[in-house]
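Enquirer: Sequence:
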Amino acid sequence: MFLTVRTLLCAALVVLISLGAHAFRYEPEGYGGIVWGTHISALKGMKIAGASPGSPDSKIYVMVKDSLRFGGVELKAVEYEFVKGKFRSVTLKVKDLAHYVALKKEAFRRFGPGREMHPFAERYFWEGSASKAYLVSAFDLS
99 MFLTVRTLLC
109 AALVVLISLG
119 AHAFRYEPEG
129 YGGIVWGTHI
139 SALKGMKIAG
149 ASPGSPDSKI
159 YVMVKDSLRF
169 GGVELKAVEY
179 EFVKGKFRSV
189 TLKVKDLAHY
199 VALKKEAFRR
209 FGPGREMHPF
219 AERYFWEGSA
229 SKAYLVSAFD
239 LS
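So the number in the numbering used here is just where the residue sits in the sequence shown, counting from 1, plus 98.
In case anyone wonders, no lab produced these hints; they're calculated from the structure. Each residue gets a CB set at the ideal place from its N, CA and C atoms; glycine is no exception. There's no promise every hint is true.
As the list claims (entries may be wrong) - Per label pair, the in silico range of CB-to-CB distance: (1) Pro211 <-> Ser139: 35 to 45 Å; (2) Met215 <-> Asp155: 19 to 29 Å; (3) Lys174 <-> His216: 20 to 30 Å; (4) Glu127 <-> Phe218: 28 to 38 Å; (5) Gly128 <-> Val162: 10 to 20 Å; (6) Gly152 <-> Arg123: 30 to 40 Å; (7) His216 <-> Lys142: 39 to 49 Å; (8) Leu166 <-> Ile138: 18 to 28 Å; (9) Arg123 <-> Val199: 14 to 24 Å; (10) Lys193 <-> Ala219: 16 to 26 Å; (11) Arg123 <-> Pro217: 16 to 26 Å; (12) Arg207 <-> Ser139: 27 to 37 Å; (13) Ala147 <-> Glu172: 11 to 21 Å; (14) Lys142 <-> Leu166: 15 to 25 Å.
Please model the entire structure based on the sequences and the hints provided.
Expert: Rendered as structure tokens:
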């Protein structure tokens with residue numbers, strides 16, 4: 099089963115559950131106090147925002163009183179994905195390049211420098227024993 103943290107518009111920080119691999123610094127067990135796999139019925143303050151394209155078992159929620167922060171970074175939106183009712187991923191969205199740069203700096207501070215996924219694109223990867231994280235910029239030229 100995979101858990102993802104991804105940003106669709108401006109930048110993505112993707113966190114996935116995986117098997118094996120080497121832990122990265124401060125590997126997340128979830129996001130915003132919600133542990134991966136938590137059932138939506140156990141949470142309060144979540145509002146359905148839609149469905150994931152191509153996945154009928156996947157629903158996107160937003161938290162009614164979410165802080166819209168990742169460390170010191172102001173976020174445009176935070177979307178929580180639940181598959182068959184269980185927390186699978188979170189998408190952190192930023193509004194512009196300056197906020198993407200701040201998101202990248204915060205991800206590097208939290209997780210370490212990561213591995214480049216592509217030499218000519220703003221794409222980084224971290225892999226741990228229970229999670230994977232991706233940082234993908236919609237601002238790169240690839």
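Enquirer: Against this structure, judge whether each hint is valid.
Expert: Hints, one by one, checked against the model:
For the pair Pro211 and Ser139, the beta carbons lie near 39 Å from each other, so the given range of 35 to 45 Å is met. For Met215 paired with Asp155, a C-beta distance near 28 Å keeps the hint of 19 to 29 Å intact. For the pair Lys174 and His216, the supplied restraint of 20 to 30 Å holds, since their beta-carbon distance comes to about 24 Å. At about 33 Å, the CB distance of Glu127 to Phe218 agrees with the hint of 28 to 38 Å.
For Gly128 paired with Val162, a C-beta distance near 18 Å keeps the hint of 10 to 20 Å intact. Judged by the Cβ atoms, the range 30 to 40 Å given for Gly152 and Arg123 holds: they are separated by roughly 33 Å. At about 40 Å, the CB distance of His216 to Lys142 agrees with the hint of 39 to 49 Å. As the Cβ distance of Leu166 to Ile138 is approximately 20 Å, the hint placing it in 18 to 28 Å holds.
For Arg123 paired with Val199, a C-beta distance near 20 Å keeps the hint of 14 to 24 Å intact. Between Lys193 and Ala219 the CB atoms are about 20 Å apart, so this pair conforms to the stated range of 16 to 26 Å. The hinted window of 16 to 26 Å between Arg123 and Pro217 holds, with their beta carbons roughly 23 Å apart. Taking 27 to 37 Å as the suggested C-beta distance range, the pair Arg207 and Ser139 conforms, at roughly 34 Å.
A beta carbon spacing of about 20 Å between Ala147 and Glu172 agrees with the range 11 to 21 Å that was offered as a hint. Checked against the given bound of 15 to 25 Å, the beta carbons of Lys142 and Leu166, roughly 18 Å apart, stay inside it.
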